[in-house]
Amino acid sequence: MSGAGAPAAGRGRRKAIRRIGWGSAALAGSLAGCGRSRSDPEGPLDFWAMGREAEVVVELLAAFRERYPGVQVRVQQLPWTAAHEKLLTAFAGDALPDLCQLGNTWLPEFSALGALEPLDERMAAAGLPRDDYFAGILDTNLMPAADGAAQLLGVPWYVDTRLLFFRSDLLRAAGHARPPENWDEWRAAMQDIRRLDNGRTYGALLPLNEPDPLFALSLQQGPVLGDGDSRGAFSQPPFRRALDFYAGLFRDDLAPRMAATQVANVWDEFARGLFAFYVTGPWNIGEFRRRLPAERQGDWATAPLPGPDGPGVSTAGGSSLVVFKSSRRKEAAWKLIRFLSEPEMMQRFHALTGDLPPRRSAWRAPALAGDPPSQAFARQLERVRAAPKVPEWERIFQEMQLAAERVVQGRQGAEAACRELDARVDALLEKRRWLRGLRA
Amino acid sequence: MTKDAAAAWILAGPALLVIAVFFALPVAAGLALSLTDFDIYALADLSTLRFVGLRNYAQLLQTPLFWQALANTLYFVVVGVPASIGLSLAAALLLDSRFARWQPFFRTALFAPVVTTVVAVAVIWRYLLHTRYGLINQGLEAIGLAPVDWLGDPHWSMPAIIAFAAWKNFGYNMIILFAALQAVPRDLYEAARMDGAGAVRRFTDVTFPLLVPTLVLVGILTVSGYFQLFAEPYVMTQGGPLRSTYSMLYLMYEEGFRWWNLGNASAVAFLLFLVIFCASGLMLRFDRDAPGRR
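Keeping their order, the protein sequence lines are chains R and E.
Heads up: the first sequence begins at 18 in this note's numbering, then just goes up one per residue.
Heads up: the second sequence begins at 601 in this note's numbering, then just goes up one per residue.
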């Protein structure tokens, strides 16, 4: 303190008191901070995204800030493994962000929670053409409302499906000029490949801990849930046909009984020719280019998934962007979704992540239109079908694979495994039946 | 007397309050929760919460996964606890030996795994156990044995987890047993040697009986800890392969936080509590019948 004497001391004390006052005000402010900034309609937008997408979306936001200088965005990264728990906990604690990336199999759950804002009107008002989106992917975002009509609860951000990656050289060596289009051709190709070179090569790798390939095959045959998605239909003929085909590949030694964890390095084994077909997703286009040796780069290709009689449907996966009902900044949140849904943004997003865009117009970019491995996905995406829209789906999905694994390992017959699976699924869906009775 | 009682209540009050708020109340709430079907539908709309009595328990007892989780956990406890305590006892005996040099160094080195983070060392063990590049399989190959797919083969995954857990935890019990060994009066050994007892007889007739109370304590602590197996499989195998490392706590975690069936998760917790309670009771009987106590 520079001056001496009473007035100076008095001034100093007042200053100190004022400082304490400010301090406590700031403290109170920061304590109330979460609440206030959350309820402030002009505050920054909270956007939760997962994994690699969360890292990359930050790069797209510079252009967003230029266009909408008034809207600040705070991106929070969640690891995929913890995202689901974190979102449910946030719902329970009323701490959800304004908008979020949501895996589209999670939509039914958050729809059941009543946490998602319907977006039909905003979509129409913004002139986002619905028919530009792949129909099967858009469908995963449509949830039945109380009156029975479908509501749009999310906007597809990127898509994911499963199809064939294969060794084109081995297929040719086995005497097949083009990739198989139906189950019979596929099985015949695998048998011919198995006969090459003293049976060194399996027909296909279908990891036993991955439910997606079997589920894609069963989608081609028909529904796996019945009675308004309230009971299992796994003992019905559609699923049985898919399971019989799938289990038959292992029984006939066309596919090794291996989980993904038992294959030390899928790309190495593919390059070495442990297997010729691999049913997997779009991220592997990038991985194959990065991880396969240069001399193998000409020996792989992709093709749509064969169906029972001709090209078949596959799974409709991916992530959507959703706005939460609790948000006070829905208008700003929608601006960000509309911005990220522009075809140019989807193309940049694809360039950064390899994630495939859900809008057909975004596929006109040369990086996609001129890329043969991606083009197989473009054809497949015209034929994708949504999983049953029940919150219990992920659990049913796993039960399905555990049952299939028992059949493949020969520990249970298909008939018994499917009956047991239906009993499990019926028990899981008991509350749905009860709720339906309550509403009726 | 009443004045004393009042003083006692006042003094014990804060502690009792803390216990009531942070222990009794949550336990009671958990028990109540286990009698309901709290799930995401109830999270959305509390009016759909149903009181289901003991149905969660009844259904759990009919679920194969529950029995698999219980069997895996028992496997882990029955093999893991003796292995872990045996290792602790062996290490403690070595440290206590008259011939032990550099004792403080070894005491610290052997205790070190206890204070490491489970997740971090589990990641390192995953490297050690790697089928092709792991140190353990390289060692096996060096002595002419076939490599083992430790974490990928359902028969080997649990032994691998047990080895990891025993390595991680033996230091803690070692310190307790070491302290007990040091408390054994040296003149007893002296007398035993005078009577012509060899090293083995001295261990079985002097050391072991005097260690029994400590071993029971260590046993109960280890058993109740090992029943709560979770972090090791969560990090190393995610409960697989073929759910061979899926434990009771793993089941509880998945029911509660993955599927949000908090009613079921609470029921699993109480069943696990019952199992641990019975196991500890059995072990206490051991102590009462022990030769050292008559």
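Just so you know, the hints here were simulated from the structure itself, not pulled from any lab data.
Where is the CB? At the ideal position from N, CA and C, for every residue including glycine.
Heads up, some of the hints might be wrong.
[Claimed, not checked] Using C-beta positions, here's what the derived DEER-type ranges look like: (1) ILE743(E) - ALA190(R): 52 to 62 Å; (2) PHE873(E) - PRO240(R): 22 to 32 Å; (3) ALA277(R) - TYR789(E): 49 to 59 Å; (4) GLY798(E) - PRO96(R): 32 to 42 Å; (5) ASN282(R) - ALA746(E): 15 to 25 Å; (6) ALA746(E) - PRO240(R): 27 to 37 Å; (7) ALA162(R) - ALA746(E): 51 to 61 Å.
[Stated by the list, open to error] Taking beta-carbon pairs under 10 Å as the criterion, some of the chain R residues facing chain E (in silico): (8) HIS101; (9) LEU169; (10) ASN226.
**OP:** For the range 49 to 59 Å, tell me whether the beta carbons of ALA277(R) and TYR789(E) fit it or not.
**Re:** Roughly 57 Å apart at Cβ, these two residues keep to the hinted range, so it holds.
Subject >> Assessment of proposed distance window 27 to 37 Å (beta carbons of ALA746(E), PRO240(R)) >> reply: violated (46 Å)
Subject >> Outcome of range test on Cβ distance (ASN282(R), ALA746(E); 15 to 25 Å) >> reply: holds (20 Å)
Original post:
Between GLY798(E) and PRO96(R), is the Cβ distance one that fits in 32 to 42 Å?
Top reply: violated (59 Å)
Subject >> Distance restraint hint 52 to 62 Å, applied to the beta-carbon atoms of ILE743(E) and ALA190(R) >> reply: violated (41 Å)
Original post:
Range hint 51 to 61 Å: satisfied by the CB atoms of ALA162(R) and ALA746(E)?
Top reply: Hint holds: Cβ distance 60 Å, inside 51 to 61 Å.
**OP:** Have a go at the ASN226(R) hint: is there a Cβ in chain E nearer than 10 Å to its own Cβ?
**Re:** holds (7 Å)
Subject >> Range agreement (Cβ of PRO240(R) with Cβ of PHE873(E), hint 22 to 32 Å) >> reply: Violated: the Cβ-Cβ distance is about 42 Å, outside 22 to 32 Å.
Original post:
When the nearest CB of chain E is found for HIS101(R), is that gap smaller than 10 Å?
Top reply: holds (7 Å)
**OP:** Using 10 Å as the Cβ threshold, decide whether LEU169(R) counts as touching chain E.
**Re:** violated (20 Å)
The structure is inconsistent with the numbered hints 1, 2, 4, 6 and 9, although it conforms to all the rest.
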